[in-house]
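Heads up: the sequence shown begins at 1151 in the numbering used here, then just goes up one per residue.
If you're looking for bench data, these hints aren't it; they were derived computationally from the structure. Each hint should be verified, as a subset may be incorrect.
What the hints assert, rightly or not - Taking CB as the label site, the calculated pair distances span:
#1 1255 with 1347: 22 to 32 Å
#2 1249 with 1284: 14 to 24 Å
#3 1283 with 1254: 20 to 30 Å
#4 1225 with 1364: 20 to 30 Å
#5 1368 with 1345: 20 to 30 Å
#6 1281 with 1345: 35 to 45 Å
#7 1369 with 1250: 23 to 33 Å
#8 1255 with 1197: 38 to 48 Å
All C-beta atoms, glycine included, are put in the ideal place defined by N, C-alpha and C.
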Amino acid sequence: MPTIAIVGAGSGLGLSIAKAFGSHDFSVALVSRTQQKLDALATEVNEAGIEAAGFAADVMDPTSVAAAFDRIKERFGAVDVLEYSPAPHTPVPGLTNSTPLEADRTNIQPQIDYYLYGGIAATEQVLPAMIERGNGTILYTTGGTSMDPLAGPTEFTTTTIGSGALRSYALKLHQATADTGVYVAHVPIFAWIGSGGPDTQPDTIAEHYWSIHNTRDGAEQPYVAL
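With the hints as constraints, model all of the structure from the sequences given.
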């Protein structure tokens, strides 16, 4: 049975992606900072008839990410799909937003650690094995400002910089893995998830991920709410 690891799993899009892939016979490894919340999410996924478990890790601590993936491999075996979506739903210690005039090294660096270095830490745990066996999917999720910095307010400048760095890494990794059998894509979401009509709902957006995984077409797969 294939396995998807969702890093940054929460009760919104992460849960919906878990159910979307799980409905197609994937096992689901849920990764975020709080084990108690992960256990609650895993229970909900299990109740849908999908095998799932939670593995606590802090994406700003590469050692904890590696330890979590060691536990994932012990439980489920190889990871076939990695979805990295570190959008904070609650305050994350050390992360702040600012305008361009307020941005400096002290408030930009944590965003780089969170988005880019966290994404690299997770990728390091799955990419070598994917290349060795000649298949796998890695999807990096960010807000739309990573692709179009002018799409959001100036108050989100530091987040835009951090997520934009992850986007650049994703696109270059797509280029580098083109002939390996591993598919890498960046998924910028131009929507306030859950804020409006059906096209903003997590279950609808999650189907976009299932389609991306299967079509494997292109380095960037934006989702734009109508």
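Verification of the hints:
1. 1255 with 1347: 22 to 32 Å: 41 Å, violated
2. 1249 with 1284: 14 to 24 Å: 46 Å, violated
3. 1283 with 1254: 20 to 30 Å: 44 Å, violated
4. 1225 with 1364: 20 to 30 Å: 25 Å, holds
5. 1368 with 1345: 20 to 30 Å: With Cβ atoms ~27 Å apart, the hint holds.
6. 1281 with 1345: 35 to 45 Å: Holds - the Cβ-Cβ distance for residue 1281 and residue 1345, about 39 Å, lies within 35 to 45 Å.
7. 1369 with 1250: 23 to 33 Å: 27 Å, holds
8. 1255 with 1197: 38 to 48 Å: 46 Å, holds
Hint violations for this structure: numbers 1, 2 and 3, all remaining hints satisfied.
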